[in-house]
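Between the sequences and the hints, there should be enough to build the whole structure, so can you do that?
Protein chains: 2
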Amino acid sequence: MKKVATIKEIAKQLNISPSSVSRALHDHPSIGLRTKMQVQKLAEQLNYEPNQIAIFFKQRRTYTIGVILPNLKEEFFSNAISGIEDVAVKNKYHVFIGQSHDDVEKEKQIVTAMKNQHVDGIIVSLAKYTKNYDHFTDLKRNNIPIVFFDRVPALSNVNKVYYDMAEGTKEALEYLITKGHRRIGIINGPDEMKSSKERTDAYKQVMIKRRIKIDMSLVVSTDLTPESTKAALEELLSAKPRPTAILAINDYVALDAMHHAKKLKLKINKDISFVSYANLPITSYLLNPPMASVEQHPYMQGTKAAEILMDILNHPKEENDNYSDVKINGELIIHDK
Amino acid sequence: MKKVATIKEIAKQLNISPSSVSRALHDHPSIGLRTKMQVQKLAEQLNYEPNQIAIFFKQRRTYTIGVILPNLKEEFFSNAISGIEDVAVKNKYHVFIGQSHDDVEKEKQIVTAMKNQHVDGIIVSLAKYTKNYDHFTDLKRNNIPIVFFDRVPALSNVNKVYYDMAEGTKEALEYLITKGHRRIGIINGPDEMKSSKERTDAYKQVMIKRRIKIDMSLVVSTDLTPESTKAALEELLSAKPRPTAILAINDYVALDAMHHAKKLKLKINKDISFVSYANLPITSYLLNPPMASVEQHPYMQGTKAAEILMDILNHPKEENDNYSDVKINGELIIHDK
DNA sequence: CTGTTAGCGCTTTCAG
DNA sequence: CTGAAAGCGCTAACAG
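Chains V and E supply the protein sequences, listed in that same order.
Residue numbers for the first sequence, in the working numbering: 1 to 337.
Residue numbers for the second sequence, in the working numbering: 1 to 337.
Treat each hint with caution, since some may be false.
Because identical chains share one entry, a pair is satisfied inside a single copy or across any pair of copies.
What the hints assert, rightly or not - SDA-like, lysine to any residue: derived pairs with alpha carbons at most 25 Å apart: (1) K140 x T6; (2) K115 x T6; (3) K92 x Q117; (4) K209 x A5; (5) K73 x K128; (6) K108 x L139; (7) K327 x L42; (8) K204 x D164; (9) K128 x E227; (10) K90 x I312; (11) K240 x R210; (12) K73 x I333; (13) K262 x D336.
For the record, the hints were derived by calculation from the structure and aren't laboratory data.
See below:
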């Protein structure tokens, strides 16, 4: 069993040509039933498995897609990739993964590696500081389509799937306002993230609509590390008057902030309330989860992005510049009973 | 920029042979400095990128490894794959992933797909009900090495990395005993999991050593779903006398059990204490985490497994049947202050 | 319906 | 030091 059967081998044993074997194996219309049967039988016996690499080489297609995301540790991303994988498998595609660990250089390297590996397409969620998108847009020259999701670039001529930040933010803020909050702080992400600006914009809009004075000292940033979040929280708490509620960029940040607030002897959801984004399953195990969290449907974002990519791949290159731009609506999940 | 440069192309433009170009590109010893420079310059200009697929085809190697695991949602596995990926990247390998979702059929399909994709090696953590390992051992015929981790098969002639269940379990039980517990229940995993038996064995050993009567009605199983865990807990609670402490197969199960216990008006860590395995980061956010949890070092298990595989791949096939069998020691992390 | 031929891009003897 | 030639496994014109 050392050597694997090849088409050639089968052909020789049956005294026919390799092309006939190939045709028989593929149920080609113009092939005799007799030879077809013979070939299939022998192929079975010899345990023939087509050499995919040779096929890829020939067809210039690998049936592989690459997925680049910041990390897999966050439930958000691991759920998203599950969605991607499910769709890919259904379409007979394989999935390469690469974690940028929020490092732009690493992200570039991964792109290069995937390009060299000849993936048929790429799905990306950007590293948090990625500002320049050339390493992605260059892929057009290699005819490798890209679909961005969740952390998408501020470009219009790309395929993207993302959560509708404005809508969810407004909903979350309205909720806090009905609960009586007027001084509402925001712990935003880095400025490079498109969502940060959107969140700030939505904040301003709601405040104006509700005729609440906008105080930009209530909008601070974290680089998403616990330390930075701690600093951001303290900055907010030093505002006068101090905010009574805080909207945090995601659950992890909210949890870090809550943790620190607790240390500062603040009563969570009493002295200060938290609302955030993602609605991670882990929050269901918490004693004091954020009051509410905007569900961002990572699995759905993943499947949607993958479906768009599959669609592009399955449909011959119509070179029209027709880009998908899909907004996923979040849902505000209220945790406080 | 539509067409990609090939070696042939470069050769033609320089009026030399493809072989020389290939040599120049690879810093082959026997190549003239002049031609080498010329070639490298032109390659640069033409943006030459070697066609990996062609190379793979030729070399019968893909520099790709496959990773099969139950799912990516569990922090344990997403951490493990991070470890694998880090090592792979360092060794210039790529990583294919496949989630079995604990379904044996799916697991088989993934193995077949990876085999056809000609991965150079595979790293696996078994689906929970996998009893038959033929789909893995068959890979030997294709010369595809396998390394199992965490959920490993009960075979001796395979490479494996796993957590030392006996040691950790003993440590956890001893801890409970020093805390005064005598009636200690166990919520085990399915019987198909090798670790279940090991846990039970370790339990018996400790009980004998500590001269505590062994009561097998205190050892129950869950299929890891919350419902099943609930049932398991109730079964334990119906024992007379009721156990005062429970050792659960992992943190998720412990959390589900604790959740249910709370509903039954039991005071956690008072009426009943929990100890478990994994020590997931999420537990740090909990009000009432398990009293203690055995850290199983998923990242380290991943890196270790990947290193073993890299070692096999980088070292020419010495056909000696030399299998790695690496035990990772857990550490009991005490959460109750 | 079947065989012949060529070739995908690259590496690697084998000659010179 | 360099070139010519073969071949990896498979497919797909093109001829019969």
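The hints, checked one at a time:
| no. | hint | in the structure |
| --- | --- | --- |
| 1 | K140 x T6 | between (36 Å within a copy, 19 Å between copies) |
| 2 | K115 x T6 | between (29 Å within a copy, 15 Å between copies) |
| 3 | K92 x Q117 | both (18 Å within a copy, 12 Å between copies) |
| 4 | K209 x A5 | neither (72 Å within a copy, 58 Å between copies) |
| 5 | K73 x K128 | both (15 Å within a copy, 22 Å between copies) |
| 6 | K108 x L139 | within (11 Å within a copy, 34 Å between copies) |
| 7 | K327 x L42 | neither (52 Å within a copy, 45 Å between copies) |
| 8 | K204 x D164 | within (16 Å within a copy, 55 Å between copies) |
| 9 | K128 x E227 | within (17 Å within a copy, 39 Å between copies) |
| 10 | K90 x I312 | within (15 Å within a copy, 32 Å between copies) |
| 11 | K240 x R210 | within (20 Å within a copy, 61 Å between copies) |
| 12 | K73 x I333 | both (23 Å within a copy, 21 Å between copies) |
| 13 | K262 x D336 | both (17 Å within a copy, 18 Å between copies) |
The structure is inconsistent with the numbered hints 4 and 7, although it conforms to all the rest.
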